Amino acid sequence: MFGVLLITLLLTIALVGSNMDVILKQGIVYQVRAEITENTAIAASFSSVAEFESYVQEQIEQRTVALGLDAPWYTPQRLGFTMYKLLILDFGHATFLTSDSGSSNVSDILLEKIPRTVLLFTTATIIISIIGILLGAFSSSKIGSITDRITSMFAIISSSFPVWWVGMLMIFLFAFTYQIFPARATPTLPSTDPGYIGALLYHMTLPLITIVLIGFGSWAYLVRNFMVGTMQEDFITAKKTIGVNKKKIVYKHALKNAAPPIITILALSLSGSLGGAIITEAVFDWPGMGRLYFEAISVMDLPVIIGATYVLTVLFLISIFVADLLYGYFDPRVKTE
Amino acid sequence: MNDILSSDLIKEFTKNKTGLIGVGILLTLVMMSLITAVIIPVETFKQWNNPSNWIEYPKTSMPIWVNYFVTEKIPEHIIIQNPTIISKEGDISVISHQFEVEFLADDFPNGFIYEFTAEYSGSPLLQINVIRPDQNKILLLSTSLPNSETKIVHNERIFSTDDMIRKNIQIQSTELGFYREGIPNEDLIFADNEEKLLKGNYLFLVNLYDVNDNTKIIDSKLILGGKVFGIMGTDELRRDIMIGLLWGTPLALFIGIAVAVGSVMIGLIYGVYAGFKGKKTDDGMMRFNDVIYALPALPFLIILAVTISNSIFLIVGFLMIFSWVGVAKVSRSMTLQIKTKQYVEASKIMGEKNSRIIFKHIIPQLLPYTFASIAISVPAAITTEAGLSFLGLGDPTFPTWGQILHDANTFGAAARGLWWWIVPPGLMIAITGLAFVFIGNALDTIINPKLKR
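Chains as they are written, first to last, in my numbering: chain A, 1 to 337; chain B, 338 to 790.
Careful: at least some of the hints might be erroneous.
Said to hold, decoys possible - Taking lysine to aspartate or glutamate and the EDC-like style, the derived pairs with C-alpha atoms no more than 20 Å apart in a straight line are:
id, chain 1, residue 1, chain 2, residue 2
1, B, LYS553, B, GLU486
2, B, LYS383, B, GLU573
3, A, LYS247, A, ASP148
4, B, LYS666, B, ASP732
5, B, LYS666, A, ASP324
6, B, LYS354, A, ASP148
I should point out that these hints are in silico values taken from the structure, not numbers from a laboratory. On a predicted model such as this, the values are computed, not experimentally measured, just so you know.
Please model the complete structure; the sequences and the hints are all you need to start from.
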């Protein structure tokens with residue numbers, strides 16, 4: 001599992017590294033030129049153009065070596081150094097991006113953004129799963145009923161809508177036509193203001209509704225399908241024949257037995273919600289991990305990209321691990337294998 | 338696992354209603370793409386990002402059919418390209434182009450543009466008159482074209498905001514009925530003496546006078562600006578959204594089907610091979626599978642699109658990399674079951690080649706599942722590509738639906754209420770996805786009869 005993490009990070013560095021170096025080198029050239037134009041005394045102290053050019057070249061080379069950019073990104077020293085830094089959770093400093101409070105430390109930026117994404121997407125995922133499980137269990141107890149059909153239909157239809165497009169529609173409806181919610185999800189208040197949390201929650205409503213609306217259908221459908229499987233098993237039939245209350249069968253016995261796959265999906269979607277949020281956050285302008293990731297990629301800010309990938313992958317791996325553990329707890333047959 | 342043969346699958350499928358609806362939608366979309374490819378010249382979509390190609394069209398105007406639902410008719414955007422041509426020769430030759438417009442909307446037009454290309458030598462005189470429904474003839478413009486000793490081709494656009502037109506209107510304010518500062522020229526021309534809109538037939542006369550006979554108007558068109566245009570309206574960059582939607586159909590189908598078929602095939606062969614070989618090969622291959630599975634797909638797709646290339650064909654490839662994993666897992670476990678069946682063991686003992694066993698005995702068993710997964714993975718591919726395009730990482734040379742939505746988002750269409758720019762592309766994505774989901778679900782219920790009950 002640790003290997004997976006390392007491979008993911010290596011791939012990221014491999015993909016972004018060379019571009020990053022080019023950008024950094026250009027940055028150095030720009031910096032040197034800017035310093036000279038600002039300080040006219042340096043330029044005046046040269047007698048010929050050639051001498052001036054060689055000075056500039058020298059300056060550029062000096063700084064390139066100082067930053068370790070003279071060796072390409074794939075040399076063992078640089079790779080090893082980057083990896084070592086990552087292992088001790090030192091993500092270094094962002095090249096371009098800063099956190100809201102002005103810090104360019106990648107850990108600071110990440111720590112600032114993660115809670116916001118968790119707030120929005122984890123809340124949404126939990127609401128979705130609760131609605132989904134209840135609705136799924138309900139419709140599985142009445143297969144073929146109107147509720148069941150509507151749920152299935154809704155699941156199929158909602159799953160083919162892109163969340164971000166529905167988000168645009170929601171903005172159109174509730175921010176333009178009926179001006180109930182703001183179009184941009186970033187609160188305008190500074191984070192120190194006492195009303196900040198309230199404003200954040202208010203700005204959160206529209207994205208939250210959108211995500212829940214699109215998500216719960218397919219959840220209900222999945223749960224229903226698992227439940228239909230368990231409802232056909234012998235022990236349920238036996239319970240039915242001895243006359244156990246039907247509601248009790250559905251919500252207690254059947255749901256418990258359908259739990260393992262449901263929990264796996266819940267764990268995966270919880271961590272998946274953090275990464276899959278990139279586009280949704282872009283639509284609603286929600287200042288979380290997804291938008292940070294997108295911004296980092298568009299300006300090629302390598303430390304931030306690596307830090308974010310690291311966090312996402314770690315979360316994903318942890319949730320796979322937790323899902324495995326829970327699976328064993330709910331379904332003891334797995335343990336013996 | 339139930340053994341279902343492909344022929345049974347087709348028979349069962351024809352009985353499934355949602356499946357047939359899906360096929361119906363899909364066929365409609367395919368027809369649409371074919372018609373698009375035949376009717377709309379390929380030029381238009383290559384010119385999608387070229388603003389000068391769209392200059393004649395209005396900015397962010399609603400679709401034309403909006404007029405059926407409103408009581409106050411919104412003026413249409415009218416482009417007249419073939420005027421009635423009358424020419425007279427003599428000491429002074431006259432070429433007269435007459436544009437007749439029946440103007441019945443309830444609102445003033447949004448200005449007008451006269452664009453022409455003339456071939457002449459010397460300095461001909463251009464006059465534009467308009468005859469209004471109340472039979473008043475108003476001279477709008479009288480100007481000479483730039484002097485030239487030799488024969489030249491001259492192209493010019495005359496806008497209704499022209500100062501000369503303003504002056505002429507001011508002079509003729511008695512014929513017009515009223516004049517006031519601050520009111521645009523076109524409103525003055527199209528208004529009666531009570532400042533209300535004058536409906537009826539307007540005749541725009543463009544006369545080109547010259548002393549010699551070798552003057553020609555090669556191209557001449559009058560554009561009467563409106564606020565509704567086309568079946569789907571236009572966007573901020575004056576592009577006809579309908580063309581974007583139509584060209585998006587074959588692109589979306591191509592992306593969806595190519596990714597689905599490609600990734601399912603890779604996954605199938607990978608999974609079957611791993612399952613069939615077993616032991617260390619299986620372990621190793623599944624480990625690799627896990628690694629790909631644990632990669633965060635969307636972030637990686639973004640990185641790939643940014644760093645390597647955003648060509649549509651490469652994006653199709655990138656999407657394949659991340660979508661074969663699930664199929665590989667399932668087909669591996671299915672193979673593990675089939676492998677233990679007696680006929681497979683028998684053919685192994687008979688010494689058949691591994692490849693033959695795989696292709697003759699195992700893969701045919703998995704085909705129904707394969708079809709279902711192809712159908713189910715198409716919508717994901719389409720939405721993911723649309724998502725990438727939406728972030729502005731798509732191939733800019735192809736107008737995909739995601740691209741249209743990206744433009745809509747950058748111009749703040751949602752917050753400005755430009756619904757015709759947002760709803761149709763998303764709806765097309767949803768409908769296309771729905772068609773495949775219907776087909777996939779129908780196949781799924783046939784393969785897993787448990788779900789049907």
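The hints, checked one at a time:
1. B/LYS553 x B/GLU486: Given that 20 Å is the threshold and the Cα spacing comes to 16 Å, the pair holds.
2. B/LYS383 x B/GLU573: holds, 18 Å
3. A/LYS247 x A/ASP148: holds, 16 Å
4. B/LYS666 x B/ASP732: Violated. B/LYS666 to B/ASP732 sits at ~32 Å, over the 20 Å cutoff.
5. B/LYS666 x A/ASP324: OK: B/LYS666 and A/ASP324 at ~17 Å, within 20 Å.
6. B/LYS354 x A/ASP148: holds, 17 Å
The structure fails hint 4 only (numbered hints given earlier).
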